[in-house]
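**Student:** Chain order of the listed sequences is W and P.
According to our numbering, the residues represented by the first sequence are 14 to 88, in order.
According to our numbering, the residues represented by the second sequence are 151 to 484, in order.
Since the hints were derived computationally from the structure, they do not count as laboratory data.
Since we're looking at a predicted model, the values are computed, not measured.
Each residue gets a CB set at the ideal place from its N, CA and C atoms; glycine is no exception.
Take the hints with a grain of salt, since some may be wrong.
[As the list claims (entries may be wrong)] Label pairs and their computed distance ranges (CB to CB):
(1) W:Glu25 - P:Lys430: 25 to 33 Å
(2) W:Thr68 - P:Pro388: 13 to 21 Å
(3) W:Arg73 - P:Thr320: 50 to 58 Å
(4) P:Leu401 - W:Met58: 22 to 30 Å
(5) P:Phe350 - W:Glu61: 35 to 43 Å
(6) P:Phe350 - W:Arg73: 19 to 27 Å
(7) W:Glu61 - P:Glu361: 20 to 28 Å
(8) P:Gly363 - W:Glu15: 32 to 40 Å
(9) P:Met151 - W:Gln21: 54 to 62 Å
[Said to hold, decoys possible] Below are the DMTMM-like pairs computed for lysine to aspartate or glutamate, each with C-alpha atoms no more than 20 Å apart in a straight line:
(10) P:Lys187 - W:Glu29
(11) W:Lys65 - P:Asp384
(12) W:Lys17 - W:Asp80
(13) P:Lys187 - W:Glu28
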Amino acid sequence: MELKDFIQKFAEQFEETAIELFKAETVFKNLPEWSSLTALSIIAMVDEEMEKRVTGADIRNSATIEDLYQLVLSK
Amino acid sequence: MKAYIKGISYYLPEKILTNEQIAREFPEWTVEKINSKIGIKERHVVAENETASDMALNAANKLIEEYSIDRSTIDYLILVTQSPDYILPTTACILQDRLGLSTSIGAIDVNQGCSGFIMGISLAKGLVVGKMAKNVLLITSETYTKHIHPKDKGNRTIFGDAAAATLISTDGIAEIREFSFGTDGKGAENLIVKTGGQRFRLPMNDLTFDENGIPKSSDYLFMDGSEIVNYTLDYFPPLIKDALSKNDLELQDVDLFVFHQANKFIMELLRKKLKIEDHKFYRFFENVGNTVSSTIPIAMKEAINDGTLNGKANVLIAAPGLGYSWAGAAIQFL
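Take the sequences, apply the hints, and build the full model.
**Tutor:** Here it is in structure tokens:
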């Protein structure tokens, strides 16, 4: 999966946040809509789209969307 | 010799906690968001002085009345609970007396969570097939709301209290077929109430709040959501595969899937992953929440009541539970 597709899928896990706010360098935990439940949606999305496991620690250790993307790719 | 489910009844405590009440306490958690993500609209909560054995008593009396069961014919009692009245004695022993059951019966507690109903019917089937009992009363009863910290909005949204009573007998409405079991104690810490047992007898008073404002305390129910989601994604699909194979069934042979009713998020995740058709996927959590070991018997009862289960049907039940402990089985409605 390309980074731009990952960002798109990442954005789809949100309901209220404007799509323009999702960029490779977006610090996603600073988005007002971010919650522990969004983290679970991201885990589910990565499982469905990339068949990879993301842990709570992976999300804690990633600042930007691209950080998380690179971390998933390295698995 | 075969074993059958003969009847199911359930009891919900009187007090209801609505999404409106939750949203008032946690303004960042709106009614719409709870409805769309978690799918639970209300859950029942026990009164301060109401325990799992009180609810168990109500559920069992309802079953006895509804199916005109002669109490003296019940020859074994299994209570599944993680909220016992006392550390000891066994709550099932207290219930034998409160229910007016014969003193010539066996009575045990089983400490299991969401997989508890399936673990319970496996034991009940063993007793019936092994000719040690003819009418096993299996009660699942849980007061998780007492384990949850008042500021824990996630768990307060998900869990509800309830008890279900099921009679397993030498005849009945549905045959209990073969089981698939699994256990992995490595996951113990991911869903835990750490204190109050013999490892840590006294409260630790170590409450902290994480970056999302979620309380973490050894004295209350702790659930690591991301670990639990990953555990479910890892172990549930192989469980279904194994349960189907043990019953010589293919996925398409199953008429109704009655899984542990955790919440909308988890259930839809599993339904999509397993590619189960929507109309074969039973849901009953909107007005009761996740009642732990009672979700499957409550959902089966509702499927009977609303006509989803009428006549012959292959039903697959399955649950991922804390421990970790997971189980699945086929139930053939006659």
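**Student:** Each hint needs a verdict: does it hold in this structure or not?
**Tutor:** How the hints compare with the structure:
1. W:Glu25 - P:Lys430: 25 to 33 Å: For Glu25 (chain W) and Lys430 (chain P) the Cβ distance comes to about 26 Å; the hint holds.
2. W:Thr68 - P:Pro388: 13 to 21 Å: 20 Å, holds
3. W:Arg73 - P:Thr320: 50 to 58 Å: The hint (50 to 58 Å, Cβ to Cβ) holds, given that Arg73 (chain W) and Thr320 (chain P) are roughly 54 Å apart.
4. P:Leu401 - W:Met58: 22 to 30 Å: Since the Cβ atoms of Leu401 (chain P) and Met58 (chain W) sit about 24 Å apart, the hinted range of 22 to 30 Å holds.
5. P:Phe350 - W:Glu61: 35 to 43 Å: 39 Å, holds
6. P:Phe350 - W:Arg73: 19 to 27 Å: 26 Å, holds
7. W:Glu61 - P:Glu361: 20 to 28 Å: At roughly 26 Å between Cβ atoms, Glu361 (chain P) and Glu61 (chain W) fall inside 20 to 28 Å, so the hint holds.
8. P:Gly363 - W:Glu15: 32 to 40 Å: 34 Å, holds
9. P:Met151 - W:Gln21: 54 to 62 Å: 58 Å, holds
10. P:Lys187 - W:Glu29: Holds: Lys187 (chain P) and Glu29 (chain W) sit about 13 Å apart, inside 20 Å.
11. W:Lys65 - P:Asp384: It holds: about 11 Å lies between the C-alpha atoms, which stays within 20 Å.
12. W:Lys17 - W:Asp80: Roughly 13 Å between the alpha carbons, so the hint for Lys17 (chain W) and Asp80 (chain W) holds.
13. P:Lys187 - W:Glu28: This hinted pair holds, its Cα atoms lying about 11 Å apart.
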